[in-house]
Amino acid sequence: MWHISEDDLESIAIGAGILGTGGGGNPYIGMLRARQMIRENGPVKVLSHDELGEEDLIVCVGGIGAPTVGIEKVRDKQSYYALRAIEDFTGKKATAIISNEIGGSNSLEPLIPASLSGLPVVDADGMGRAYPEVQMKTYFVYGVPAYPMAVCDEKGNTSLITEALDAKWVERMARAVTIQMGGVACYALAPMTAHQVQTTAVLDSLSLTKRLGDAVKNARAVHSDPIEALLDVHPGKILFQGKIVDLDRQTTAGFARGQVVIEGMGQNQSDQMTIEFQNENLIAKLNSQIVCIVPDLICIVDTERGEPITTELLKYGFRVTVLGFPGPDLWKTPEGLATAGPSAFGYDVEYADLELN
Amino acid sequence: MHIGIDVGGTNTDAVLMDGDVLVSKVKNPTTTDVTSGIIDCINSLTSSSPDNSQINAVMLGTTHFVNALLERRDLAPSASLRLCLPATTMLPPLVDWPDDLKQSIGAHTYMANGGNEYDGREISPINEKELIDISQKMLDDGIRSVSVCGVFSPVDDKHEKNAAEIIKSVAPEMSITLSSEIGRVGILERENAAMLNACLVEVATKTVDAIRKAMSSAGLNVPLFFSQNDGTLMQSEFASNYPVFTIASGPTNSMRGAAFLSGVLDAVVIDIGGTSTDGGMLMRGFPREAAVAVDVAGVRTNFRMPDVFSVALGGGSLIKKNPLTIGPESVGYKLTSQGIVFGGDQLTATDIAVARGITEVGDRNLVADVDPEFAESAIKEIQTRVEDVVDQLKVSAKPVPVVLVGGGSILIKNNFEGASDVLRPTNAEVANAIGAAISQVGGQIEKVYSLTDMSREEALELAKNEAAGKAIEAGGDPNSIEIVDIEEIPLTYLPSNALRVKIKAVGNLI
Numbered sequence: 136m137w138h139i140s141e142d143d144l145e146s147i148a149i150g151a152g153i154l155g156t157g158g159g160g161n162p163y164i165g166m167l168r169a170r171q172m173i174r175e176n177g178p179v180k181v182l183s184h185d186e187l188g189e190e191d192l193i194v195c196v197g198g199i200g201a202p203t204v205g206i207e208k209v210r211d212k213q214s215y216y217a218l219r220a221i222e223d224f225t226g227k228k229a230t231a232i233i234s235n236e237i238g239g240s241n242s243l244e245p246l247i248p249a250s251l252s253g254l255p256v257v258d259a260d261g262m263g264r265a266y267p268e269v270q271m272k273t274y275f276v277y278g279v280p281a282y283p284m285a286v287c288d289e290k291g292n293t294s295l296i297t298e299a300l301d302a303k304w305v306e307r308m309a310r311a312v313t314i315q316m317g318g319v320a321c322y323a324l325a326p327m328t329a330h331q332v333q334t335t336a337v338l339d340s341l342s343l344t345k346r347l348g349d350a351v352k353n354a355r356a357v358h359s360d361p362i363e364a365l366l367d368v369h370p371g372k373i374l375f376q377g378k379i380v381d382l383d384r385q386t387t388a389g390f391a392r393g394q395v396v397i398e399g400m401g402q403n404q405s406d407q408m409t410i411e412f413q414n415e416n417l418i419a420k421l422n423s424q425i426v427c428i429v430p431d432l433i434c435i436v437d438t439e440r441g442e443p444i445t446t447e448l449l450k451y452g453f454r455v456t457v458l459g460f461p462g463p464d465l466w467k468t469p470e471g472l473a474t475a476g477p478s479a480f481g482y483d484v485e486y487a488d489l490e491l492n
Numbered sequence: 035m036h037i038g039i040d041v042g043g044t045n046t047d048a049v050l051m052d053g054d055v056l057v058s059k060v061k062n063p064t065t066t067d068v069t070s071g072i073i074d075c076i077n078s079l080t081s082s083s084p085d086n087s088q089i090n091a092v093m094l095g096t097t098h099f100v101n102a103l104l105e106r107r108d109l110a111p112s113a114s115l116r117l118c119l120p121a122t123t124m125l126p127p128l129v130d131w132p133d134d135l136k137q138s139i140g141a142h143t144y145m146a147n148g149g150n151e152y153d154g155r156e157i158s159p160i161n162e163k164e165l166i167d168i169s170q171k172m173l174d175d176g177i178r179s180v181s182v183c184g185v186f187s188p189v190d191d192k193h194e195k196n197a198a199e200i201i202k203s204v205a206p207e208m209s210i211t212l213s214s215e216i217g218r219v220g221i222l223e224r225e226n227a228a229m230l231n232a233c234l235v236e237v238a239t240k241t242v243d244a245i246r247k248a249m250s251s252a253g254l255n256v257p258l259f260f261s262q263n264d265g266t267l268m269q270s271e272f273a274s275n276y277p278v279f280t281i282a283s284g285p286t287n288s289m290r291g292a293a294f295l296s297g298v299l300d301a302v303v304i305d306i307g308g309t310s311t312d313g314g315m316l317m318r319g320f321p322r323e324a325a326v327a328v329d330v331a332g333v334r335t336n337f338r339m340p341d342v343f344s345v346a347l348g349g350g351s352l353i354k355k356n357p358l359t360i361g362p363e364s365v366g367y368k369l370t371s372q373g374i375v376f377g378g379d380q381l382t383a384t385d386i387a388v389a390r391g392i393t394e395v396g397d398r399n400l401v402a403d404v405d406p407e408f409a410e411s412a413i414k415e416i417q418t419r420v421e422d423v424v425d426q427l428k429v430s431a432k433p434v435p436v437v438l439v440g441g442g443s444i445l446i447k448n449n450f451e452g453a454s455d456v457l458r459p460t461n462a463e464v465a466n467a468i469g470a471a472i473s474q475v476g477g478q479i480e481k482v483y484s485l486t487d488m489s490r491e492e493a494l495e496l497a498k499n500e501a502a503g504k505a506i507e508a509g510g511d512p513n514s515i516e517i518v519d520i521e522e523i524p525l526t527y528l529p530s531n532a533l534r535v536k537i538k539a540v541g542n543l544i
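Same order as they appear, the protein sequences are chains E and R. Going by my numbering, the first sequence opens with residue 136, and the numbers climb by one from there. Going by my numbering, the second sequence opens with residue 35, and the numbers climb by one from there.
Bound-form chain E, shown alone:
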């Protein structure tokens, strides 16, 4: 057990940005919201998965909607209302809260209802990275039903999805409701037992964001290499170092799709890397040879400061390091790959493990 205090939020935001692999939204507003809650109600308790007991009931919360709306109509306490709505519907009290997605701004969402209810947050999540849709969670791949789900707005409206054919249907219905609610909403869903969390969640991911962020911050403070510091904390590798020379980005149907071309510098002189993205970075090619592919993590960070760079902030001339981290094992099974592997994003490519030399 540990506690998240105001000082930890910056580290978590940096780490969540790295695990966001280019997507997941900018954590700045999420960080301000969590800070506000912690200032009012004190630090938030975090439980490891092995500290959960048979009596526990863990509810997953998250935000849904367009990031561009979220920076104008900023989310309030909707995920807390959604948590209470799930409790009312099931007639059972939640004892802990778990994140839907550790990458990007959703990593901090559980801190809002946790702070308001006094419940602890579990050190785990349903992705171990960022993905664009509700059904892309390990919980649902391994048998946890994606319902009941409560979607709440800020005005006092609650929509309950009590049954669905599968998680993809939950995504469709929740998305439609979110549009009516004004483009952003929060949800709570899938009350889980301790055993379900232990077997279907990506474990220790919240503490990983903090360790990644701490590593970057410490490296900056003593002027050492933040990239090396990141790789000391989490096994992965440098896929490429260079400078962005070309960027092709189009926004269609809510997705920022495109590719970024990086020209090699230093060790990678005379090589070229192309990264294809759909909100998140999905495929990294070294001189047209695939070297890393979803669900493995492809993270673009600022070479000098180790700051993660989201898809919308990519720009010609940036000096970047591309890091590859092995994705969670739960995504590498046939079921996992069918839900969120290359084919789920329209690629006719087989997944191959990231080689860590």
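Every clue listed holds true.
Heads up, simulated SDA-like pairs for lysine to any residue below, C-alpha to C-alpha not over 25 Å straight-line:
1) R:Lys-536 to R:Asp-487
2) E:Lys-420 to E:Thr-409
3) E:Lys-378 to R:Gln-417
4) E:Lys-450 to R:Val-345
5) E:Lys-450 to R:Val-429
6) R:Lys-192 to R:Leu-173
7) R:Lys-447 to R:Gly-297
8) E:Lys-378 to R:Val-423
9) R:Lys-355 to E:His-358
10) R:Lys-504 to R:Met-488
11) E:Lys-450 to R:Val-326
12) E:Lys-180 to R:Leu-125
13) E:Lys-180 to R:Met-124
14) R:Lys-354 to R:Asn-399
15) E:Lys-227 to E:Leu-192
16) R:Lys-498 to R:Ile-544
17) E:Lys-378 to R:Val-326
18) E:Lys-420 to E:Arg-392
19) R:Lys-354 to E:Arg-440
20) R:Lys-136 to E:Gln-171
21) R:Lys-447 to R:Ala-409
22) R:Lys-432 to E:Asn-403
23) R:Lys-354 to E:Arg-355
Hints listed in this document are in silico derivations from the structure and should not be mistaken for laboratory results. All figures in this text were calculated on a predicted structure; none of them were measured in a lab.
With the hints as your guide, set chain R onto chain E.
Chain R alone, transformed into the frame defined by chain E:
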């Protein structure tokens, strides 16, 4: 003829321009009251001018208002009113402001009913009674200026305008800033920008009045214009109400002036000073806008600001050996006493450049013992860092002209990676004032058009006409109006039959 004036923190520069020709220039120290320094400049220009009646406008750029923010002085007791209830309450107005700045304006914030959804629906209707009560409370608290920010007001500004009318009915003397006139989507940053404007309105009104009085006492009864962040002009009455639009006019004027002196429209302009190097990119003569949040006096904002990239490298940067480090410490303006070639004892970038034979300032004999190999490696590193700044500013790998200004530009050689041409204009020391003098008037709009009743082409035409109309309204010659920028912004969150466009028109002052 036009007079261009730049009021900086240290110097007030002025130029008299006859069309594109520089007639005379003058540099005076900036005075505490600002106006007497301006008048000194005007007097020395007009005394040398053949015929004062030929002067038909004064254009002024100043860092005075941003300095007021940085020094937290002369700021009006101000309130920030957000129209949002029941939404968007967890992060109240001023949430991420530096405490001392918040205290210096009184930290008054209010949240009331109102605001819109992204698609134009109301979050809640305006409540007149509520706003009357709030206005009364503001009066009781001694507030003299208020910023009003409605959720999604860039999509629909009706609520902000209604609220302003209600406040005026209770407090007729209150200065009111509407966020929809200041910034774009992104409520915290737009609200912040509007609030910075609100707390500057008083000092702006006072300064503008003083300058106009001083001008007329100097016998110069011509229109006064202020330079804006985007490189266009606004009339002084307008500047009193929108001082925040002048905040970045310094770097903008410097870039535009330098490019004008070099005869280029598309270029990277690099200003190497004593301590830092600032660079910007001009496209068709105007600075490229920053796409992300810009920090002003410790506050995140999102209004139109030039994209300026800075690194700690200048003529006074300290050089250390084993391992080689350049800056960030600098002797700054003390270079001419502390640099080795000037008889001091600090090894600076300028000393290295002299030792390497790139430039001749001070006494070269004093750096005779600097190891040539070391000097070469230091000079190479300096050159690389400046080349990096240029590269970060460019939008593609294509070489562009690079304009070098500032005292520290003597550090740089002419064979410059990524540059199609390296230009070093003369008279660059008054580039800011020239940038002000050559400014045009502009009109800019950013709007969402529904494409159910019109085609994309019709919408663009409508938008162009509206921008051109704004430029004419601002004093532009209708025959000279030109559209300089069209941007169609994809809407990921609105129905696909809508188009958001940003258009900018400029024209010559009549």
